[in-house]
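Visitor: Protein chains in written order, with this note's numbering: chain V, 10 to 500; chain H, 10 to 500.
For the record, the hints were derived by calculation from the structure and aren't laboratory data.
There could be a bad hint or two in this list.
Copies of one chain are not kept apart here, so a pair can be met inside one copy or by any two copies together.
Claimed, not checked - Listed next, the in silico DSS-like pairs over lysine-lysine satisfying Cα-Cα at most 25 Å (straight line): (1) K439 x K158; (2) K158 x K401; (3) K185 x K65; (4) K287 x K219; (5) K471 x K374; (6) K158 x K402.
Predicted, not measured: the structure shown is a model, and the values here were computed from it.
There are 2 protein chains.
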Amino acid sequence: MAGIWLNEDNSHYFFKRGANAADPDKIRDFIMQYRGTNVERMLLNGNAQKTSYVTKAGEIIYDNVTDDMIASERLQSFKNWSNAVRLLVERGIDVYAEWIKLLREINISPWMSMRMNDVHNADNTDDPMHSMFYKQHLDYRRAMHRDEKWEDRQLNYLIEDVREYHFGILREYFEKYDFDGIELDWMRFGNHFPVGYEDEGRTVLDGFMKSARELADEYEKVRGHRIEIGARVPVSPEYAYDMGMDGVGWALAGYVANLVPSPFWHTSQADIPVERWKRQVAGTGCLIAPCLEICLRQYAFPKCKNEFQFNSIETIRGAAHSFIDRGADAIYTFNYMDMQRYAYDDEGYKKIITETGDVESMKGKRRRHVLTFSDRRPEGVVSDEILPFELKKNIFAGFRIHTGNMLKNETRLVLMSFKDVYDLGENDIKVFINGERCEFIGAYYTENPRPIDTLYAWIVPKEAHKNGYQVIELDSGLDEAVLDWIEMLVD
Amino acid sequence: MAGIWLNEDNSHYFFKRGANAADPDKIRDFIMQYRGTNVERMLLNGNAQKTSYVTKAGEIIYDNVTDDMIASERLQSFKNWSNAVRLLVERGIDVYAEWIKLLREINISPWMSMRMNDVHNADNTDDPMHSMFYKQHLDYRRAMHRDEKWEDRQLNYLIEDVREYHFGILREYFEKYDFDGIELDWMRFGNHFPVGYEDEGRTVLDGFMKSARELADEYEKVRGHRIEIGARVPVSPEYAYDMGMDGVGWALAGYVANLVPSPFWHTSQADIPVERWKRQVAGTGCLIAPCLEICLRQYAFPKCKNEFQFNSIETIRGAAHSFIDRGADAIYTFNYMDMQRYAYDDEGYKKIITETGDVESMKGKRRRHVLTFSDRRPEGVVSDEILPFELKKNIFAGFRIHTGNMLKNETRLVLMSFKDVYDLGENDIKVFINGERCEFIGAYYTENPRPIDTLYAWIVPKEAHKNGYQVIELDSGLDEAVLDWIEMLVD
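Construct the complete structure from the given sequences, taking the supplied hints into account.
Guide: This is the structure we're talking about:
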């Protein structure tokens, strides 16, 4: 059993509810939908570069927005967001304070989550989400020599002014809100230092986290209860360390009460090494809550051409099952908010927030374990994005998938697709799992998510049934074949 | 300052000395060459599949060898080895017992090292190095479904008989020899379990290491002094764990007094994450001694066509310097034995064993940090063998190299070669290090090791001088270019 820690982002409620956002019933209903679900902690995120609450330390979402900036139709949701926040302010409602009260009422632990370095739409220098602090300090960007991706335009935390500005916002969260804990979200986005300066960065963030903990100590006296600090960090202790976000070190030093190993956004990563985190923070009491992203891709956007690239309840079960068997204390969900109709309908959402992490409820149900990759890594390190993979004729190629523990009577299939292959023969590719040959059973249909080419299935023989990692090997007899998708389906 | 832990393998002395191996002066001289060097511990390895000493538990090297087996000229060194061991036996000399005494005489700590799963020449089922135990149990091989490489024919330690056979040999080491410690060499060779069964294997090896420690406890009473257990394991704590050789776990459980993170053989790996090992064994007293292999390749044999593929004193200094700055307690050398004339002459050898690890002696001397890779990894995991690397036009490609700490007045160059490129222009490829542009200075010559194509050099500007990891980025303007070699030279 592991509860859900659910992240509610800084814009979703406002642009989904629009003019209704300030309606007290809507404010209440929004929280009440989580009553009786498996959500045990809710993390309310109130900022990206700008805030969705009244601020002195930062800049509220509707400030410094000109008509030109929001002329595009594309920005309708920004306008809804901005107008909803303005309406709340006009009516004197602090929606976060209300939600915190409501969460306490239904025994969900109220947390907040601060995005430490958000660069949504960084390619558009006139984007209304950008703060004046960001716009006025182009020289604060972390990568001055390279300008390929949004994250090259993240702020450089080696600069004291950057740290002080964000610490001011953090302090204001404490001043304004009475939460059980606050998370420093270092994965929105995940790069905080100039290329090559991650070691220096680690020292600086260690200091920042120490100060955050001291701030919590100070406010524990004000609030009269324990206030915890959490952090979202890269998927593995090694990546986290080498990217300057030393989660393990923060736990050992007593700065954090929990860590959330997280992908960035391109894809959820079902193979988060929870057991490594747990061992390394052993004795500190620090909880480990691996993060499910809503996206699921076998390789990075935009190379991925599949239309539907989101986790389903079946892939969520797969990852959650594996996480729990590896020792997860909770399942953290990012971008799993209500009315995300591109990914699930209302009933589907209810199922996700009720079932995820609840071992009894998930037990025996169909689940899928899809091979994805880690979408953030230290600069200069080889990517584990292995698909699409060019198979060499008659040379073994291996892939591993963590399934967690298995029940005895479950059927296990290996599902794979190959680029532009629609007529695979039963002996074209020999498939082994844990050293045993799998029998080919032909084309196979699954619901989304799925690859664009035909999916083929192989049965895992009884002799190969085991828990934990499953190693799937292909020995291709074809002159050319490119593996595009690989998963294990358990039913 | 870090001393050298030098591994002397089971055959080298015998086939180099041949008929002189049993000469008491040669036996003595062999050890005395290390007097006054930086060697602080010597690990005498007495076995592969067969032993180079009289044995009841195993099989001595010259047993069960037919004339047919050694008919080939290629086997002259085997004959020298075998004959030398026979001569020693005939004369009643136990060379290992002699060496242990001599090592104590010159204050070098005498250790032994047992190879746990050696499969030299596994493709030749009639090889005279193979034991009857190995030959009579073809069903004990770890990979029954795959037969691509020597290591697929390693023994499967999930089988009790395999464990018992080897534990018998280990016990005999204790019975016969009075050493300060014994190392279990799990990296000759590095795979001990069927594909997919590394987790089960970890449990089994945990038990084996526990028994090894208990054996040492028992013999401490016999010998009247402390006897330590060490182990050679994969390069990183994560790879070690996922391959079933949980070095960190063994340290936490008190089974081992030291760990030697080691490549297999294809190449030395200068980027061993010593700091991760040190942090994870903190408080146990376990020492970390990263291993230098003699080979140095940018990608695996036989793809690597360069004639000379060995570390030089300059690349050794590079790796040792970095290891020490990352916290290494000693530098372990594997295959650095005397008279290896393909790699160094006698004077060169003297320099290596005197200077390596001695910070004062290495200081300010020219050193080279070459990007290599990890030549062993868990089944189904993506390789970090990144070279040769196809550069995409105008897209940044990053590589990182750990140099350890730097002195202020050193010159730093980035050296690179590109497949079949002999006329690189100064603006064809923009090179950055730690975010700063490097100036192109043209073709550059180094001694071996070096790539087969022209090596080009760029100067690292002062603004980019830093310690630890150096991230080198290439922004290529060429339609096609394949990076074949990358290093940092410090002088």
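Visitor: All hints are to be evaluated individually against the structure, with a verdict given for each.
Guide: Hint check:
no., hint, in the structure
1, K439 x K158, "between (40 Å within a copy, 18 Å between copies)"
2, K158 x K401, "between (33 Å within a copy, 16 Å between copies)"
3, K185 x K65, "within (11 Å within a copy, 77 Å between copies)"
4, K287 x K219, "both (21 Å within a copy, 23 Å between copies)"
5, K471 x K374, "within (19 Å within a copy, 60 Å between copies)"
6, K158 x K402, "between (36 Å within a copy, 16 Å between copies)"
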